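J.: Here is what each chain is made of, one letter per residue.
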Amino acid sequence: MAEDVVVAGVGMHPFGRYPDRSLKDLARVAGLRALLDAGIGPRRVRMVYSSNAMAGMLQGQEMVRGQTVLREIGIEGVPVVNVENACAGGSTAFAQAVMAIRSGAADVVLALGFEKMFVADRSRTLDALESAADLDVVAGLGIQFTAVYGLRLRLRLADGSITRRDLAEVSVKSHANGARNPYAQHQVTVTAEQVLESRCIADPLTLLMCSSICDGAAAVVLARSGVLSQPGRPTVRVLASASGSGFTLDPAGGPSGATLCAERAYEQAGVGPGDVNVAEVHDAMAPAELLYSEALGFCPPGDGARFFRSGATALDGRLPINPSGGLASRGHPVGATGLAQLAELTWQLRGEAGERQVRRPRIALAQNSGGWLEGESAAVNVHLLERMEPWI
Amino acid sequence: MDLAAALDCAPTGERPRFDLAAGALVGGRCADCGGTAWPARAVCHRCGGADVRLGAFSRTGTLVSCTRVMVSRPGLEAPYVLGQVRVDDGPVVFGQILGLDDTEMVPCPVTVRVDAARYWFTPDPGPDRPQDDAGLHAPTDERQN
Ligand SMILES: [Zn+2]
Chain A
1 MAEDVVVAGV
11 GMHPFGRYPD
21 RSLKDLARVA
31 GLRALLDAGI
41 GPRRVRMVYS
51 SNAMAGMLQG
61 QEMVRGQTVL
71 REIGIEGVPV
81 VNVENACAGG
91 STAFAQAVMA
101 IRSGAADVVL
111 ALGFEKMFVA
121 DRSRTLDALE
131 SAADLDVVAG
141 LGIQFTAVYG
151 LRLRLRLADG
161 SITRRDLAEV
171 SVKSHANGAR
181 NPYAQHQVTV
191 TAEQVLESRC
201 IADPLTLLMC
211 SSICDGAAAV
221 VLARSGVLSQ
231 PGRPTVRVLA
241 SASGSGFTLD
251 PAGGPSGATL
261 CAERAYEQAG
271 VGPGDVNVAE
281 VHDAMAPAEL
291 LYSEALGFCP
301 PGDGARFFRS
311 GATALDGRLP
321 INPSGGLASR
331 GHPVGATGLA
341 QLAELTWQLR
351 GEAGERQVRR
361 PRIALAQNSG
371 GWLEGESAAV
381 NVHLLERMEP
391 WI
Chain B
1 MDLAAALDCA
11 PTGERPRFDL
21 AAGALVGGRC
31 ADCGGTAWPA
41 RAVCHRCGGA
51 DVRLGAFSRT
61 GTLVSCTRVM
71 VSRPGLEAPY
81 VLGQVRVDDG
91 PVVFGQILGL
101 DDTEMVPCPV
111 TVRVDAARYW
121 FTPDPGPDRP
131 QDDAGLHAPT
141 DERQN
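Line order of the protein sequences matches chains A and B.
Counted the way the UniProt record's numbering counts, the first sequence spans residues 1 to 392.
Counted the way the UniProt record's numbering counts, the second sequence spans residues 1 to 145.
Honestly, the hints are just simulated from the structure, not real lab data.
Just so you know, these numbers come straight off a predicted model, no measurement behind them.
Hints should not be assumed to be uniformly reliable.
Partner residues aside, some chain B positions facing chain A, computed with beta carbon under 8 Å [stated by the list, open to error]:
#1 A37
#2 H45
#3 V64
#4 S65
#5 C66
#6 V71
#7 L76
#8 L82
#9 R86
#10 V92
#11 F94
#12 V106
#13 T122
Just so you know, even glycine gets a beta-carbon here, dropped at the ideal spot from N, CA and C.
With the rest of the complex left out, here is chain B (with noise of 0.2 Å):
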């Protein structure tokens, strides 16, 4: 796709960041390379293409390394987890790791979870693990928008 295409790619603000029903964080991925960002960009970082596709990625990932935090910011209070997530299929992500009980667990499986405002990671779901494994939704011929 031309890269004029990006010109008309939506407003930042207007990219959808998560998908709620399916749980799951929504980024771009790249139709000509396959390269993923989250959230999505208008053109791509690994090729320069602007076929970008929005979609919805996997929701399960790596937890790869977290630490926690013992200073508190507005909003934040100390201690908390944060963590370094590469998400099967996805981009890696940064984020808040709930519910890890031992930091010392960690690479771990996590599952992805989202709000309408935010995201965060939990850790060895268990039974509840979603059985999604199918990754970023097979790209459409839509456009984001």
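Chain A on its own, in the form it takes in the complex (with noise of 0.2 Å):
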């Protein structure tokens, strides 16, 4: 039997535009909260999982990034990886950590994810970002991730399943949720005029439904169960954790990443997506929510636009998605956006959501993708967290 891991600390340096702070600062501040949180010193970390996309190009810390911002806050010696998966490294740091203490390799673990976007030049930033493919194959194409969703919503606006309107109230949602989150980059709420108004980036996307370029960091401390006393506080423990990278498209069709990888959570944890109380997923632009309420099963395909309808994704509906205000909203830092996901989700669980929690969730839903092969998402994690005494 795999050792049962607990999500014991979180913690965020606000999403947002921080020209004076440095990948340090960020780090910093994300990683002493989660430290604080758990209750720990950082002497107690036994070893990390750092997660950056693109220090190497935006501020030429190619190598080690990791080692060089936890020095700042007193973590040394111990083995640190550094994880790069696109937009999904921060959720790859955390499957890793939890197969480091499934393992038995260590009992403390640290996954801290850290991004730095803004810089002067912002066609390096797009650089970077269009490297997150196969640059022997699309380099020169002028494929940017906007063009990416766009591609796959036109599909949905030409079959019908999908409406204009739709896309625009989901990017309504998102803002209303990210208003009132004190994390997010973007806490303003918008109007369906605003958003279809806004400058058009990739048709059918609009620039109010597509995140931005953002710095921030996030971080989660994730314990053997039974190893650190946090007395007075819900439980959060890790229910699965699966992971995948992207493939071919068959020219004949076939399921998503996202979906083969949240049927395996879903089995690893023994429940279905019917049992799913809050979920953060991937919306890049966000309208994606749409299109991963199908891929993830909370609603049947060809569905998404319905369930959204619905009412079903608010905060106050049956399974809220994006509580935090999603990507697009909260903000995308490209390798702490994985673990902000899996931050706003514990504190939902616990019941510490402020003014945007969800009521009474008990499990939890976490799907990060990242990369893009020509179709498919290069990897994507999904992770299931259970809130494990009842509430009161």
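Could you fit the two chains together into a complex? Lean on the hints.
T.: Written out as structure tokens, the structure reads:
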């Protein structure tokens, strides 16, 4: 029997634009908050998985990125593994930390993600983002991530199962949630008209549907069950950790990588999509929520828009999705995003999510995807978390 | 064919990607399972076999989805149109679509276009639509070279 793994502490540096803070500053705040939340000091951490995607190209720190920021908060000497998996790097670090604990290699492990995407020359950030694909195959085509999502959504506009109005309304919902999140990059509400009238980025996506360049950091302390005492606080347990990578599209069609990964997570946990009470999904463009509701089994294929229109995914709905605001509103500092999702779900399960708290969730799902291999995400992780104690 | 054969596969930089005479993409087709990929790979993604033969794919395909991109990139002035194309009897590829006036027409048939350095697609070729429906040329005994 694999060791039970609990989320012992979470922390974030608010997402946004921080030109006067270094990678070390961002990582320090997120890392220390996670340690403080876990009630431990830096010397208690036995191993670290560190996620960053772009510091090589943007800050010139190509190697040992984790070690350089960890020394700022007194973590030295222990194994530090640097993880890079594009936008899925944060959840990849988390998945590796779970494995390290399950294997018995360590009992307290830190997963840390940090990113600084705002640099003087914005085209360098776009270059770095474009490198989340096989450049040998797609260099020069101009395939930006907005275009990737645009292509996916156009397919559904064409068959009528999703309308432009739906795309806007999802963004309205995401912004409404983000406006309640003190860690979010865009803490503003918007109207459907504002969304539809904002600048077109890649048809049918407009500016207010898309995640933007962002700085930030997030961290999670994972521990073997029982090794850290946390009296008086609900315990959040890792129910499942599933990972996958992209694959060549079959011209005849087939399930998405997210679907295959989620199926493995459900099997591991012994639960189904109907048991999930709250989810954070990888909506780099807010309307992607509609597609992921289907891919993750929350509703039948083709029903994503109908599911959304029913109100099920709103904060007070049956299955609130992206209470944090999601990537488009909370922000998407690539290497930190996956851990921000898991931090949010931990707060939700504990009942510590403030104004955006959803109603008494027991099981939470996080889906984080990264990169692009001509049609399929290059990396995907699905995690299921569970609140152990009943709500009073 | 033995997996070890893939050790002797031509370097990626030496594998042809276009057949200018045929006006088609050149990729790999697995002689064992029929799996196709562009550009050709040393090992088949579907069956893990190494008997991957080079050949030209069909010049026709279906534009499955597209998007008009409004943000310029170096060497690419916005707006430009990107599309996902299912090449007849070949793989799914992504590329630029030229001459698509109405993106609401998608899905629609397209023709593959190539020159020495790049490929793109054009919609609804009308009378100029090539008659080459043969798909990938019959596998030869030649391995990738
Ligand atoms: Zn094969």
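J.: Mind checking the CB of B:V106 against every CB in chain A and telling me if the closest is under 8 Å?
T.: Holds. Min distance 6 Å.
J.: Mind checking the CB of B:C66 against every CB in chain A and telling me if the closest is under 8 Å?
T.: holds, 6 Å
J.: So, B:A37 near chain A? Judge it on the closest CB pair being under 8 Å.
T.: Holds - the Cβ of B:A37 comes within 8 Å of chain A, reaching about 6 Å at its closest.
J.: Against chain A, run the beta carbon of B:L76 and see if the smallest gap drops under 8 Å.
T.: With a minimum Cβ separation of about 4 Å from chain A (threshold 8 Å), the hint on B:L76 holds.
J.: Hold the hint about B:L82 up to the distance rule: shortest CB distance to chain A must be less than 8 Å.
T.: holds, 5 Å
J.: For the hint on B:S65, does the least C-beta distance to chain A fall short of 8 Å?
T.: holds, 4 Å
J.: Take the shortest C-beta to C-beta distance between B:F94 and chain A; is it under 8 Å?
T.: holds, 5 Å
J.: For the hint on B:V64, does the least C-beta distance to chain A fall short of 8 Å?
T.: holds, 7 Å
J.: Should the hint that B:T122 touches chain A count as held when the rule is a Cβ pair under 8 Å?
T.: violated, 16 Å
J.: Would the hint on B:V71 stand, with a C-beta cut-off of 8 Å toward chain A?
T.: holds, 6 Å
J.: Using Cβ atoms only, decide whether B:V92 comes closer than 8 Å to chain A, and label the hint accordingly.
T.: Because about 4 Å separates B:V92 from the closest Cβ in chain A, which is inside the 8 Å limit, the hint holds.
J.: Minimum Cβ distance from B:H45 to chain A below 8 Å?
T.: holds, 4 Å
The structure fails to meet hint 13 from the earlier list, while all remaining hints are met.
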